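From just these sequences and the hints, can you work out the full model?
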Amino acid sequence: MNGSLLEVSAVSVTFDGFKAINRLSFSIGPTELRAIIGPNGAGKTTFMDIVTGKTRPDEGQVLWGEELTRNLVGMDEARIARAGIGRKFQRPTVFEDQTVFANLLMAHKNNRSPLAVLFYKPKRQDIAAVETLAARIGLAEQIRRKAGELSHGQKQWLEIGMLLAQDPKLLLVDEPAAGMTLGERERTADLLKEAAKTRAVVVVEHDMEFVRRLGCKVTVFHEGSMLAEGSLDHVTRNQDVIDVYLGR
Amino acid sequence: MRDLFRNTPSLPVFIAVLVVFALGVTVLSEAYGLGVLSTSFVKTLGKTACLALVAIAMDLVWGYTGILSLGHFAFFGLGGYMIGMWLMYARTELIVLDSLAAAPLPPTPGEISDAIASQIFGVVGASDFPMVWMFAHSFWAQMALVVLVPGLLALVFGWLAFRSRVTGVYLSILTQAMTLALSLYLFQNDSGLRGNNGLSGLQNLPGADAIPQATISIWFFWASALALLLTYVVAAFVVSGTFGSVIRGIRDDEARVRFLGYPVEGFKLFVFVLTAVIAALGGALYYPQAGIINPAEIAPIASIYLAVWVAIGGRGRLYGAVIGACVVSLLSTWFTGGQAPDLNLGVYTVKWVDWWQVGLGLSFVLVTLFAPRGLGGLVDLVSHRLSPNRHGAPLGPDTGALREKEAEQ
Amino acid sequence: MIRRLIISVLLLFLCSVTAQAQDMTVQDVLQAHREALEKSSRRTIGPVIDAIADSGLPAARLVLERWRDREMWQRENDGLFFYGEPVDRSTERLFDFETGAEVGVYSTRDLDQLKPNSGIQAMIAAALVKFQLNDPDPAQRRTALEAIARSGEAAHLAPLRRSIPTETDPVLRAAKERTERLLTIAYGATDAERVAAIEHFRGSLFLDVRAALNPLVETRTVYAADLPADANIKRRLRGGSADLPVAEAFALLVDAGVVTPPPTVDERKSALIAHTRDGKVAGIPVADLNTQEIRDRAYAALAARGDVPAWDPAFSEARAVEDAPFAEVYTEPSAAVTEAAEETLRSINNTVAWNQVLDLSLDGLSLASIYFLAAIGLAITFGVMGVINMAHGEFIMMGAYTGYVVQQVIPDYTVSILVAIPLAFAVTFGAGVAMERLIIRRLYHRPLETLLATFGVSIALQQIAKNVFGTQVRPLTAPDWLDGALVLNDVVGISYIRIAIFVLALIFLGIFLFIMQKTRLGLETRAVTQNPRMAASMGINPGRVNMLTFGLGSGIAGIAGVAIGLYAKVTSELGQDYIVQSFMTVVVGGVGNIWGTLLGAGLIGFLQKGIEWFNPSNTLAAQTYMIIFIIIFIQFRPKGIIALKGRAAGD
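Protein sequence lines, in the order shown, are assigned to chains W, Y and D. Numbering follows our numbering, in which position 131 of the first sequence is assigned residue number 131; successive positions increment by one, without gaps. All you need for our numbering is the position in the second sequence, starting with 1, plus 1000. All you need for our numbering is the position in the third sequence, starting with 1, plus 2000.
Source of the hints: derived by calculation from the structure; they are not laboratory data. Relax, there's no trap hidden among the hints.
Where chain Y lies over chain W, by a calculated footprint (3+ residues, C-beta under 8 Å):
| # | segment |
| --- | --- |
| 1 | 65 to 78 |
| 2 | 81 to 93 |
| 3 | 119 to 128 |
Label-pair ranges, simulated between beta-carbon atoms:
| # | chain 1 | residue 1 | chain 2 | residue 2 | range |
| --- | --- | --- | --- | --- | --- |
| 4 | D | Gln2472 | Y | Ser1038 | 29 to 37 Å |
| 5 | D | Arg2533 | Y | Ser1332 | 38 to 46 Å |
| 6 | Y | Leu1004 | D | Ala2426 | 54 to 62 Å |
| 7 | Y | Arg1165 | W | Arg70 | 20 to 28 Å |
| 8 | D | Thr2619 | W | Arg70 | 49 to 57 Å |
| 9 | D | Pro2245 | Y | Gln1339 | 56 to 64 Å |
| 10 | D | Pro2313 | Y | Asp1114 | 18 to 26 Å |
Please read all numbers here as calculations on a predicted model, not as lab measurements. For glycine and all other residues, C-beta sits at the position ideal for the given N, C-alpha and C.
Now the structure itself:
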């Protein structure tokens, strides 16, 4: 199992002459936890946009799957999501108008075609799975409440819960710890670590303490390409990384 | 079915109210009861039921899915045209057969067809049947077209628009352009649908000359009420389950739904086509009661009024759309019909015929500004519904998303 | 042929008359035709007029003028002719034509007045033309020339030609030569001179040239079996081809008497009715005759008995015309002339086509200017604030009505327009600011709600206008100096109002660019457009910027209203007619860029004119096709021609 699940190779994208991503290459294995760090404008979010199909790269390939047989470039977001890539945004984006249960049920892995959804009737095991998941993210009490009534941290968990309900092979998580209390952070880190046991997880984070808590391999982005890769201690000793972060 | 009732508390209430109302109208009607209600008023009620029906469609597409379509009256009108073609053909055929019966030779099929064509198209200076009338002789074929033509138009238009991810006001303007293009096309004499004359005499059902209009009007009222009821049930079914969750998700945050793996375009297209078909069926019931359909009926303004009804009634709830359509269209009829007493302000006498439109426009502004939940919001006051208090924070990151105070169900 | 013969005889006659002229007086000429003069009939008077006109006598013109003006009298006792001046109601003072000497005062009882009717008067006038062509007064000569150009006759040709060498005014001389050529095309004596005249006009754009050439190439389609040998055939045709449909060809055959048409469906039906006996036709009950097939069978039975004309069911018009010869024949007999005319018309049409393209472009440009003016305000508010203002059309209408009201107060159209433009701006600016403060500000970031709320304003404003100004069309009159059109030639022309609107559009483009690039408001507006939060943190008040931007956009709509009102009907629905096109312009052009709006307006303006050109009879269809085009266009450029890219697009 030393093969990769996702392999991004030599990808570039330009916005109005500004090279947001410059011949970036990146790969991750099927059950790996990875943190991506980098200063503002390093291209972290754009990288996620490319993998999830929101932004189409000007050149390069994004290969996917056990055998790396599928090229994700040119597929739309929904298909990429169905292929097994889940994404959590920086700001919690849950459907505030709907209950926690409805949010999770919507995310629950199922046939996504309109007609199938229209005539879908949740089976007993679907409901049980959703309730289990709610308990896992600590929202069992809130399951009938509207998502909009939750606290900020609870929304973050709900969103992570929705990602898990999708049962993706790869999880892309953008700044999960932002705005959380210390206790919530610990819990979030544990959730992610546990998730990474069965799937690949990529976490983009600014907070070095949080990254340290994750205790995983770290990739440093700078100006749209990879600057360094390795353990957190390894990359923080790297002179280039120090220069970038402190500013020469 | 039980799920449906559980998920939609308004459904039993709605059914009960509608049944009681229909019975009441029947008892008060000329045809089957006391004769308190005039035939024309029964017709107005029947037409209003059809408008409520298309308002539900509008609510589905706008209030639930967030697509502000300014073109749904195009489908309504097309439905009317499709049924109107059969009504006009069949009735003209009877008239022609009647007049040819006295001829020295019995007419040939060709002569009958020519006579019908010159009767129908005389006003636009033509005497041949255009291609679009090829099925007009068959009731069932035209009924199929009632569904197929608007459905296909919605499918093609929706596919083009959603595929290229046109959203928000762009999409609204595009739908408006669609209905404008259609009405301009129909205004031409050589469109094959009698140009600005439209189709007329639709209130006369072929072969039903012996039946008084009073009776026909109550039949149509029943049919309209039944159609409204069925539409309500279908709409409740669509919005109650996970499908409802998904389309409301699309309304609040389309991108997020996409990242959940749902083909957003497919869902939008489904709702768009479904509502187009509902609107078309509404039109097919409406125009035989109205008696005439012409291209002015599908001018962009009509579709915008549809949005007005739904907004005033309260969007994002099915009964809101029904309330809005009924209240606004009945009030409009009352005020513009000259029945409302003039308001004497001393210096100026307000004639409602002139000023109703102004009042409607301004009240619409006020509703949008201060009562986004519309008249349906009154229901919440009664039911003391608990709703989250998040001080008006946005429900989603989309700029077009609903605010908290409009969020429903 | 005959015409040419007449002309030569006339010329001969003319020469002989002038030869005798030396020893004759005009009285002699008149006396020679005394009988015809007294009779004064239109049929016989022609030679008399010619005789006088061609007599070459100096008094001839005077005679004709007095005669035309009913001032010529005949003395009853000796039959001599004089011209008279009325002394009172029953007496005339007579003068001699030749000398102008007074002859005496006579009672009208002793005189006969010559009263030419209007037909004869016209003939005299035509004869007078040749005198006027040589009149010392250039104005007279011009009038005469224009009369000839308007309705030229063969008889004009000779005097016109004779007047050319003595013409001193170079402009008039050129005009005379031109008119002479036009007359030569129609009435020239030889083919050679006609061909030369025709070829002279190659590529000319003037309508009168085309009017002179078109009759030469007129054709008629005929059955060509017994065509005269010298017929000027344009081409041979086959019956049933695209140029000659079967029905027309068959009608020609029938007209030529080559075939007898078989009884038509209606005739056969009448025959069946006429031969109904005891409810049966040829043994078939009438009730059964309800298909064409059975009717045909019944008719065949009747025909077999000889009761009705025979009818062959297998007869086909197509086959009848298949091998018959048909031809298109010129009415003009001379092949050389028609060939030259066709050639010249081809070259003219070529030039006309190019000029039509130019004319169409000018039309498109002016339409584009109107759309630009109507849409620019919308584009500003949409681009800067993301707000669709459905009441924009009503602001245009308010501007137009402001112009109308100003004209009621200030009667001078020039001054009133100059007052109306800033006033319209002020009125709609105020309305826009009020709407921004009262409505749009409260709905910020909710574009669909804004759209609906402004629609509410739109229907209210429309109805208020209807209540105040009524439903009838109110005139907004352009000042005199904007009347008329700049005519480049007979094909290309553009009205001054449209030019003015184009100039106005340019001015607004300039003003807009100036405001956006050079002023503080522009800087702040751009800042708010790109990043409202950042702009706010830098001390810019986005509320104020939005308010002013919205006011500016609305104000421009008001001015557009004045401009549109000058050539369109001012009604309460004026705005509605432009709002959808304005939306299209903004959508096609792309949001937030003035050049995009310009391109969008250009595209839509030119496209609409282009489609109208392909199908000129149907402007409704043109609009339909244009909207369909735009819907398809959006497929390929969902964000318009000029789209913001990347993060700035905010998606």
